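Protein chains: 8
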Amino acid sequence: MNKDELKYFLEQVKNEEISVDSAVEKLKELPFTEIGDYAKIDNHRALRNGYPEVIFCQGKSLEHINGIISKMLELGENNILATRASKEVYESVCKITDHAIYYDLARIIVIKRKEIIKTKKNILIMTGGTADIPVAEEAAVTAEVLGNSVERLYDVGVAGIHRLLARLDVICSANVIICVAGMEGALGSVVGGLVDVPVIAVPTSVGYGASFNGVAALLSMLNSCASGTSVVNIDNGFGAGYTASMINKLNGDD
Amino acid sequence: MNKDELKYFLEQVKNEEISVDSAVEKLKELPFTEIGDYAKIDNHRALRNGYPEVIFCQGKSLEHINGIISKMLELGENNILATRASKEVYESVCKITDHAIYYDLARIIVIKRKEIIKTKKNILIMTGGTADIPVAEEAAVTAEVLGNSVERLYDVGVAGIHRLLARLDVICSANVIICVAGMEGALGSVVGGLVDVPVIAVPTSVGYGASFNGVAALLSMLNSCASGTSVVNIDNGFGAGYTASMINKLNGDD
Amino acid sequence: MNKDELKYFLEQVKNEEISVDSAVEKLKELPFTEIGDYAKIDNHRALRNGYPEVIFCQGKSLEHINGIISKMLELGENNILATRASKEVYESVCKITDHAIYYDLARIIVIKRKEIIKTKKNILIMTGGTADIPVAEEAAVTAEVLGNSVERLYDVGVAGIHRLLARLDVICSANVIICVAGMEGALGSVVGGLVDVPVIAVPTSVGYGASFNGVAALLSMLNSCASGTSVVNIDNGFGAGYTASMINKLNGDD
Amino acid sequence: MNKDELKYFLEQVKNEEISVDSAVEKLKELPFTEIGDYAKIDNHRALRNGYPEVIFCQGKSLEHINGIISKMLELGENNILATRASKEVYESVCKITDHAIYYDLARIIVIKRKEIIKTKKNILIMTGGTADIPVAEEAAVTAEVLGNSVERLYDVGVAGIHRLLARLDVICSANVIICVAGMEGALGSVVGGLVDVPVIAVPTSVGYGASFNGVAALLSMLNSCASGTSVVNIDNGFGAGYTASMINKLNGDD
Amino acid sequence: MNKDELKYFLEQVKNEEISVDSAVEKLKELPFTEIGDYAKIDNHRALRNGYPEVIFCQGKSLEHINGIISKMLELGENNILATRASKEVYESVCKITDHAIYYDLARIIVIKRKEIIKTKKNILIMTGGTADIPVAEEAAVTAEVLGNSVERLYDVGVAGIHRLLARLDVICSANVIICVAGMEGALGSVVGGLVDVPVIAVPTSVGYGASFNGVAALLSMLNSCASGTSVVNIDNGFGAGYTASMINKLNGDD
Amino acid sequence: MNKDELKYFLEQVKNEEISVDSAVEKLKELPFTEIGDYAKIDNHRALRNGYPEVIFCQGKSLEHINGIISKMLELGENNILATRASKEVYESVCKITDHAIYYDLARIIVIKRKEIIKTKKNILIMTGGTADIPVAEEAAVTAEVLGNSVERLYDVGVAGIHRLLARLDVICSANVIICVAGMEGALGSVVGGLVDVPVIAVPTSVGYGASFNGVAALLSMLNSCASGTSVVNIDNGFGAGYTASMINKLNGDD
Amino acid sequence: MNKDELKYFLEQVKNEEISVDSAVEKLKELPFTEIGDYAKIDNHRALRNGYPEVIFCQGKSLEHINGIISKMLELGENNILATRASKEVYESVCKITDHAIYYDLARIIVIKRKEIIKTKKNILIMTGGTADIPVAEEAAVTAEVLGNSVERLYDVGVAGIHRLLARLDVICSANVIICVAGMEGALGSVVGGLVDVPVIAVPTSVGYGASFNGVAALLSMLNSCASGTSVVNIDNGFGAGYTASMINKLNGDD
Amino acid sequence: MNKDELKYFLEQVKNEEISVDSAVEKLKELPFTEIGDYAKIDNHRALRNGYPEVIFCQGKSLEHINGIISKMLELGENNILATRASKEVYESVCKITDHAIYYDLARIIVIKRKEIIKTKKNILIMTGGTADIPVAEEAAVTAEVLGNSVERLYDVGVAGIHRLLARLDVICSANVIICVAGMEGALGSVVGGLVDVPVIAVPTSVGYGASFNGVAALLSMLNSCASGTSVVNIDNGFGAGYTASMINKLNGDD
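Order-wise, the sequence lines are chains U, X, R, L, Y, C, B and P. In terms of UniProt numbering, the first sequence opens at residue 1 and continues consecutively. In terms of UniProt numbering, the second sequence opens at residue 1 and continues consecutively. In terms of UniProt numbering, the third sequence opens at residue 1 and continues consecutively. In terms of UniProt numbering, the fourth sequence opens at residue 1 and continues consecutively. In terms of UniProt numbering, the fifth sequence opens at residue 1 and continues consecutively. In terms of UniProt numbering, the sixth sequence opens at residue 1 and continues consecutively. In terms of UniProt numbering, the seventh sequence opens at residue 1 and continues consecutively. In terms of UniProt numbering, the eighth sequence opens at residue 1 and continues consecutively.
Source of the hints: derived by calculation from the structure; they are not laboratory data. Please note that a few of the clues may not be correct.
As the list claims (entries may be wrong) - What follows is a list of derived Cβ distance ranges for each label pair:
| # | chain 1 | residue 1 | chain 2 | residue 2 | range |
| --- | --- | --- | --- | --- | --- |
| 1 | X | S61 | Y | E151 | 47 to 53 Å |
| 2 | R | L168 | U | K95 | 34 to 40 Å |
| 3 | P | H99 | Y | E151 | 41 to 47 Å |
| 4 | X | C172 | P | V170 | 34 to 40 Å |
| 5 | L | S86 | X | C172 | 57 to 63 Å |
| 6 | L | L62 | R | D104 | 54 to 60 Å |
| 7 | R | K112 | L | E151 | 53 to 59 Å |
Since we're looking at a predicted model, the values are computed, not measured. Backbone N, C-alpha and C fix where the C-beta goes; we use that ideal spot for every residue, glycine too.
Next up, chain U with everything else stripped away, as it sits in the complex (with noise of 0.2 Å):
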């Protein structure tokens, strides 16, 4: 509620048109809706932008997904996406729907209730190598999912710096890149310094030793010496792709 609707709310009060009562709930509603005493679903970005709903499935038990799911195909009409979904989350999810699509690389589940039109410009999601494609998979579906066109180039780590150069031409003729990497992570680094659009580094925890689980890719990345790179948590192929979708549908462009 803005400064004018708040006006105008007021100005109902003050001419009866809204009775104190409704207008003190009214003003103590918020938009999200309670689910058993375990959860809330948050209403507002949806409601709002046709964004899908999203629910992150690691750590809930069957039943609180459902729950959730269920409340979520009861309030509205848009799209459902499920991430960190194992294949027991889906077989669960599929007595309750018929809609849900299983992307198993990506562990994400699609409830597609809506068509998504895409985007003119791409997001491009580049992985170091093959283990670091399940992270960019959920980056890739999640941002296909919020209405992007989406762009994959697999296995170009720095340390076979030709097979990254060779695909310049897709590389910079993308409006936002994701930078999938684990083990030393200088993907994003080389990348960024290519390029002139915002780049994305995700680290992934794929590696052994003193890849300390992905720590040593995530320093990495902080590191980075290339403007225009910003970071997210370890393996969090959700969060590059929502932020990507984010700027890449800023200022115009969906």
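Given the structure of chain U, go ahead and fit chains X, R, L, Y, C, B and P onto it with the hints provided.
Just chains X, R, L, Y, C, B and P now, with coordinates in the frame of chain U:
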């Protein structure tokens, strides 16, 4: 040199418009300039985009800094941005140019040679506390020199959430937001949950004890539950300003 | 034995109401009970205050747990609280008593032998997300068995600040607040800034990547800018519930 | 503004006792004061409770500190507590007020404008060693200015347990205890096991080598086996004093 | 393509021996092969040097591994080395070739298609204990497949220095030495001080407690006082074997 | 071979009592035995002192363990101590000897072939809690097999200091003390301050959250304020028992 | 007060040889002395054993140090050992006594008031390098003042193992050994494997980069494969000397 | 002394060409020189190979440094290399020799007494930035004094990959490469993937925030995907230069 330029270039070779020897040189020649044997200026972005030349002063000797800036002054007509510049660096730079302006809170020297045209949309820069202001100013001055309209909202940390909520109008009208915070670094999460635009979180080394010079804030920001948030290095105001500028000017707002 | 009791005791020795030998034994005797050679029950608090006996089950064998609980059952009439108890422990305990109740989310067994009288004032237990609920329940059940009125407010993380603000009435009416959160752990700071009562922050190991099993939340909470906040160990719901109870019952509310 | 006040306020709007425009302003107006563009004083707690105004000086310039204190002096009549204040800060503050008192061990400036009424019950502040005293004094002065009776028991570290046991009478008569210790930080555990009142443990950066500037003591305290113990940041004497005061004054002792 | 080749190539363009279009393709074409969209084989080194093709199996699916190896088998005649290969991977690979040999301690599959000619000079591989042998064997098999004579000297840790000194003859006759050790990782320092040849130290994750899965050994090796020692990642037997081979074959010993 | 023996030996060479060739062999021959190419038994201490042979089983294959023990059985008549031995290892060892005894809490196999004569003076082994007992038993069994009288005092953690003080008589009569504790690891400091004999502190990985698998206890013990305390690796019961035995038997008590 | 003394004491109460009031005082009185409110001297060990009084100067003000030493001088006749004493502290102490001797490498002040009788058996103190000598000297002077014969063997690091082996005679004749080393800290392991006496390892903060101020050496020493080795805090020469003295004098060598 | 020399030596004893006493001495005598009681010069390598004597100055007093260098000057005729030498050290050394040359960027003093013959093949030393040059120069001067031809290629960090690719000719003609980089430390990976010669990666402490004084670069380098890369300690230019020299001169290039 893209595919078409390469084709055209090779046709010139074929038609003997360019000699083989100068073609060899041309293909070897890349867009940077060597200064002594200690630095290479990267003309790449500046030439193409009217971006300012940037020099990171920390860890460089006064001689090296002046050598690099002299070359920049000689080579082009872009603005020059010298970051992490102490008062002493500024005084040294004043010996080679009359046009240097020093932003002492931001520790930035700007040598302005071209008019800066500002974007219509704002980058909002927020801080959790008063002590985070120097890093915020580094981001602010960087973004301004890069041609962005910048709004400042300082000392609105989450431990006094009403101070932040009182300015929701400013927060909700920004196109990109930079959240600068030390200590528990929760500003990014709260802001990220309130808006639908990209948020860049900058942890600062402000704090003591278990803040570990910004590590607490960094981890907090990387683990933000708010989608659309990405992170840069501790105290990296420049990186945040640069990334925010890239995002703000994407898709045509310049 | 305080100074007055000591004086009285020594006078009894002097007056030969107590023999020297039994006085020696008395001074050596301390209020705990040995069980086999593997454990010592501390009767101290329980005897004096009607506090429940507490046993931390994690890392103890079923035999040891049953041995200790048997002794507790035999020795006194207080309630018994067994924390970090798996389903398997519960089943084992059922063999020696019919009165065990299992709170599976909280992983607590309660053997109730005395009526529990509740305080008039509330301990409020809040969580940032759904996955933090088990730790919150450990705190809640602990506080309840210790005789406190407990209110729950779950899934009100700071990335959706309106969900939290919508319940300001509940938050502001609590006497002590426990904030349970993983990820960026900022709940404690925001709540601590809203209220004037003690806040106990419990970091949880919920999260992934750079959450480092609760370290990010722990550091965030230790660095809270909100005065009046203190912190317990990662996932230490019991400790939070126990401390909150001590505080809630101080100065006469029992 | 609680529910009833809100209702009353809206009825005033309805009855035209308040104009819509001033109602809009009122709803937007929140209880803090802006000083220049660098700080916001939070009048919230102070106004309501007679709490002192608090300013954390570390990392702030002398100008900013004096600016903030001037505003505090102008705005209200509460006492003012300036923590982490160097001698230099004190001398600067003396230029704007004659009433500043400097506690040099505690590094605190107090500007007393109101009589402080002490609680009947004590906060006991203990240290492991002599070098922990500055942090303990920060806690002690804070608690005293907040209106608490404070008892000090210094240099009673666990490696000489008889020194501590010799003062059991003092320890057992406290209402809240603050344990300040560096090195192995075990004081909190031992004391926590002896008493039935809340213990706030403050790790200090005292020590060398593997004390890692207080990390060893911090971890030790977080892992305390003694129930009823919670922890604040390394060297955070102010936080401990403030929290202890909140607890000590709970349920009516003021 | 070096300078001379480039000159020659451009002359061919000029002389129309090569068409502009195929020249464009040629300049864009780089020496790797794409497999599906998940991997790129790097033919670079193998083609030039008769090096074996290498595939790191950990974190790759059986399908991907077989897909990559099939392509390798099809493309060239070099030997193939598959590292971090489980028994299960081996069995899967057996379905596509009869020539796979499995070194189970080393977890390496070798598909030998060319005779391996051994160097005259030795690489010596030493371990501190018996539990370090798997990593040592990874190094040993790698070095052997790359064409080196390899000598093994196992279980000669520094806590029994006489065992090591008893074999000084073997140690002093090596051309390159690989020291594989967990726990305190001191083998590299002692050996490095005894010889005048390059020593490659490999920390292993062998140990417990404060070995932190190899961190203790890694730090110990990085801090070695013995000049001429360098270090690879924890458990990185392959990297050590590969580096040692490069060094051993330098300046003409092949 | 000491100086005198060397002199005598060289005189034998001179007098041709020993041939040059066998002298060469003798000087090269060192007191250990090779088993296959995977292990070397160190006969050194055992031969000289009647110490038991020791084998650390963790990380070794059953074949290697049996190979080493067979050789030990064949070579000498000393007792054999196999530490970190699982039940499975014990069952495997039973196939090659009838004399193996398994201490399951301590995870130790003892093959007793010689009578063990106990010291007059005691090693006292204390634990903070019940869960620390397995590590304590590893120390206890080790010390006993090495010929020491051992006393146990378990579950006397510092959070219930009276339990510990109640047994001051036992504590003060020990010759060497081993303190085994996880969590905050303060036992060593308290005990070290009470006695005048060497204290060996063993941190255990018992705990959760910020205990970081024993790091909290380790740091606490390293920072102990009590003089006379030294520390071994996390969970290293064997090392503590062995060191305590060395100390206990020093200066003639055997 | 042991059991017999307690009995005797109680009989005195009974027989009215001691009044109840003075008995109460006696039981409360413990063997330490308060100095102002900032320190408590522990007379315990000194009174009983002729041990020197010890004061750790680091982090204490000159006034406090002089206050404590004055009291020590007044109370007894034992020698006084002031560790971590700067030159400035020494000069300050000279104002209150003429008998202070300053060991500048060791940073120790000794005030000798009693003859020191040396043990027959040696403590050997070794260092890895020249830069470790100050810590070694702290251990050496401590051990000497405590009445031990001390031998020094410096700069015998493992990277030049022959330097160490050349002095096997000295090493093998020691009763207790202290190994002081920074960098990779391997000295303890090598020495521990050579001897049958207790080894105390002292990591030093000597080194740079990944030595992390002694952490590398500390971890290396904790992970030593040599039985009989225990560790003290980084740079804790005093602790090593004190522990070694306790061990050296055990079982009657004094 | 190898087997043949030992045989010959024993025959001399047998033939009484050497007396038993001097034989005893000979066997005890090892190739190093003691200086006072604080240092031992290791003549080992220098005597045999014409290697320079090396002294690491950091952490040594001026007296010790001059003492050691004086002895070196007296003992042999090799060149002397003093690393980590401040200007102050240089001035002190000038008092005992006229031949000292100071390389201030490298912080190295060279005392040249013998002609240095350079290898035909090059060691190439690269840096990521200008601030890494001091460490690179330490490596360069070390390698040159050890007799290697050295090429420098500075400021070619991966964030401007074209700067590096422009010099592929230089990179590909090196025999050994040293990559010196701070921040994200990715230079080693990119270069390692481009060449077939050994790469030694040197992390530097250049950077800020999450570079953690070189830890980010160190981890990045240890996790390099490029085979043939090994790593030395943070800022260890000397170690890199020494190792590179060993490798460069292997198999006969000297």
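Results for each hint:
1. X/S61 x Y/E151: 47 to 53 Å: Roughly 50 Å apart at Cβ, these two residues keep to the hinted range, so it holds.
2. R/L168 x U/K95: 34 to 40 Å: Hint holds: Cβ distance 38 Å, inside 34 to 40 Å.
3. P/H99 x Y/E151: 41 to 47 Å: 43 Å Cβ-Cβ, so the 41 to 47 Å window holds.
4. X/C172 x P/V170: 34 to 40 Å: 54 Å, violated
5. L/S86 x X/C172: 57 to 63 Å: The hint (57 to 63 Å, Cβ to Cβ) is violated, given that L/S86 and X/C172 are roughly 40 Å apart.
6. L/L62 x R/D104: 54 to 60 Å: Roughly 58 Å apart at Cβ, these two residues keep to the hinted range, so it holds.
7. R/K112 x L/E151: 53 to 59 Å: 39 Å, violated
Of the numbered hints given earlier, the model fails hints 4, 5 and 7; all others are met.
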